[in-house]
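Make the complex out of the two chains shown on their own, each in a separate frame, by following the hints.
Taken in order, these protein sequences are the chains called A and B.
So the working numbering is basically just the index in the first sequence, starting at one, shifted up by 9.
So the working numbering is basically just the index in the second sequence, starting at one, shifted up by 1304.
The hints are simulated quantities; they were obtained by calculation from the structure and are not laboratory data.
Backbone N, C-alpha and C define an ideal beta-carbon position, used for all residues, glycine too.
Hints may be right or wrong, so weigh each one.
Unchecked claim - Just some of the chain B residues that point at chain A, by a computed CB distance under 8 Å:
id: 1; residue: D1398
id: 2; residue: Q1399
id: 3; residue: L1400
id: 4; residue: M1402
id: 5; residue: H1403
id: 6; residue: T1404
id: 7; residue: D1405
id: 8; residue: G1453
id: 9; residue: V1497
id: 10; residue: R1499
As the list claims (entries may be wrong) - Computed far set for chain A versus chain B, every beta-carbon distance over 12 Å:
id: 11; residue: T32
id: 12; residue: T35
id: 13; residue: D78
id: 14; residue: L80
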Amino acid sequence: MERQEILDTMNLVMTNKGREPITDETVATRDANFRSLDFSEVALRIETKLGRELTFDAAAMRNIDTVKDVLDFFEKATA
Amino acid sequence: MHTNGQNIIVSGGSRGLGLHLVSQLLKNGNKVATFARTRTPEMDALDKEYGDSFHFASVDAVDADKVNGFVAEVCDKFGGRLDSIVNNAAIGQDQLLMHTDLDTIQQIVNINIVGPTILIRAAIKRMMLQGGGNICNISSICGSRGYAGLSVYAGSKGYLDAMTRALAREVGEAGIFINCVAPGFFESEMSSVLRPEQLNTIKRRTPSGSLSNDENIFKVVDMVISGTTNMQGQVVFVDGGITS
Ligand SMILES: NC(=O)c1ccc[n+]([C@@H]2O[C@H](COP(=O)([O-])OP(=O)(O)OC[C@H]3O[C@@H](n4cnc5c(N)ncnc54)[C@H](OP(=O)(O)O)[C@@H]3O)[C@@H](O)[C@H]2O)c1
Chain A
10 MERQEILDTM NLVMTNKGRE PITDETVATR DANFRSLDFS EVALRIETKL
60 GRELTFDAAA MRNIDTVKDV LDFFEKATA
Chain B
1305 MHTNGQNIIV SGGSRGLGLH LVSQLLKNGN KVATFARTRT PEMDALDKEY
1355 GDSFHFASVD AVDADKVNGF VAEVCDKFGG RLDSIVNNAA IGQDQLLMHT
1405 DLDTIQQIVN INIVGPTILI RAAIKRMMLQ GGGNICNISS ICGSRGYAGL
1455 SVYAGSKGYL DAMTRALARE VGEAGIFINC VAPGFFESEM SSVLRPEQLN
1505 TIKRRTPSGS LSNDENIFKV VDMVISGTTN MQGQVVFVDG GITS
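Next up, chain B with everything else stripped away, as it sits in the complex (with noise of 0.2 Å):
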């Protein structure tokens, strides 16, 4: 049994992980809303097979003002209620810390921490005034364990994990569920920067023996946004265990 029904914003939406999670919750009957920086095709193939039940604008998730004002009207076109967020819009980091400049670090605390950050305050506000709803940011096997090359990353994958224990204690009263999934190393735009001997290795130590897909996260995702499992405030490895 699927999530369907619900209005839900993704954020990061236009390709990748995103894109799947998107698509899928169309497909299952939700109204859903994304944002990300650059409109691409499948944004407007979306919009033609979906209509008033999709949603897309370009907005920077840095930028709050924007943030703000697209989660209004996304309530607005959706008819008031915002039932589940999916934080998912982030950048990667493929550098040793002594050789990142400091522009690069600032854009990924931004995009990768701040950006999360606004866009859950803008969240709960509404799930506050409404009884209740569904978070789900999507961290990283990162956050927990390590990895060269991907410090300040890892680092802003870790707060996500934090900020999510924090909030569920803040605001899991109110009837707000919020919790993580964390995958493993999946193909996209952000892994591509990894060599193939380098996902053989990763396949090789990984007990299932193959990478996290879209799907596998996407089942997970569903689930957490669901309402119907009670967990709160925990970090779901998705990595074909790895970390286990």
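So here's chain A without its partners, still in its complex pose (with noise of 0.2 Å):
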């Protein structure tokens, strides 16, 4: 999946609760406010975009420090 698709996903997830959506990859996901549910909510309305499951461990979750790690692991999860 392209990068700003995954970007827009995290987007929709952050206004839809009222928060600023992210703009900057490099700031650091605890201070975009973007937490650990809405990255699985990401997941999810990824999964039902692409028809298919993604499945990954916790420790790939924790291992999660800024806007740019979330876009990453999801590019390479949908790869």
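See the structure below:
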């Protein structure tokens, strides 16, 4: 999946919850107020778009610090 | 005074906590048999050191025929009696349920629920006929407290706790004592997914200030299978007080 499409999905999750959209990849997810359950929601929205399940360990989620890490993660997971 | 002179089966004794339990029980003068899917060098070392007092076989805990065969083989080798079993073999989980595939869920249910049930069933048949015995199920604090990423594993440990209470009622009168030992997190391959920061957070939240270790857990297991406590159908926490 394209990076921009993943970012759009993240921002859909953010704005649905009344939060500011993310514009800077280098920002820490914590500072962007993007929480671990938001990560899961993005995964589920991507699953719906792709029509297949994405399964991964919680360890993979724990290693995510920045928005760039989220984008890298989903780019790889959907490749 | 340690448990000694017993014939004991410990499942999953090839490494981790199970290996420590097997080693200590052997050291204290028991005959011990264990199984796991893969033989480890430690099994060869125990074979060499303890000869006929030790028995290992490669058995998958979910293969009922193999487990029943193992129990029969051990009883023959050790002279007929089966005094105690310790249900220790299990696999962990580190995934949120929504991101866990169905095969993994099935595998956890099979190994952590069906596996111990098969072994307990085989053991209580022997214990009924010989007039008693001791069953110790290694559960977890996850069976009673919530931890994200461990839902299916937690359910499997809650099953062990609940089954223990039911079986205490079912077979207690036959002199079979069945209890659970529920450790908090301790260091092993299973908990290696936890990062040092997470382990430190757990330690900080633990009243005793330290994680349980293999030896802490062994001491309680040893007491539970001693057959001297009149403890029945209980879940004993060995967790430094984190669930208190
Ligand atoms: N580690 C913790 O923090 C923690 C906390 C609370 C409770 N516990 C409980 O403590 C017990 C021991 O855990 P551990 O950390 O020592 O685990 P471990 O190091 O992963 O060892 C598990 C043992 O079980 C065996 N096993 C796994 N699946 C099996 C199968 N299908 N058939 C036969 N044997 C199997 C393994 O051998 P093979 O893989 O070769 O089969 C190994 O010998 C478990 O019941 C666990 O749930 C652990």
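(message) Taking the earlier hints as the rules, which of them does this structure contradict?
(response) none
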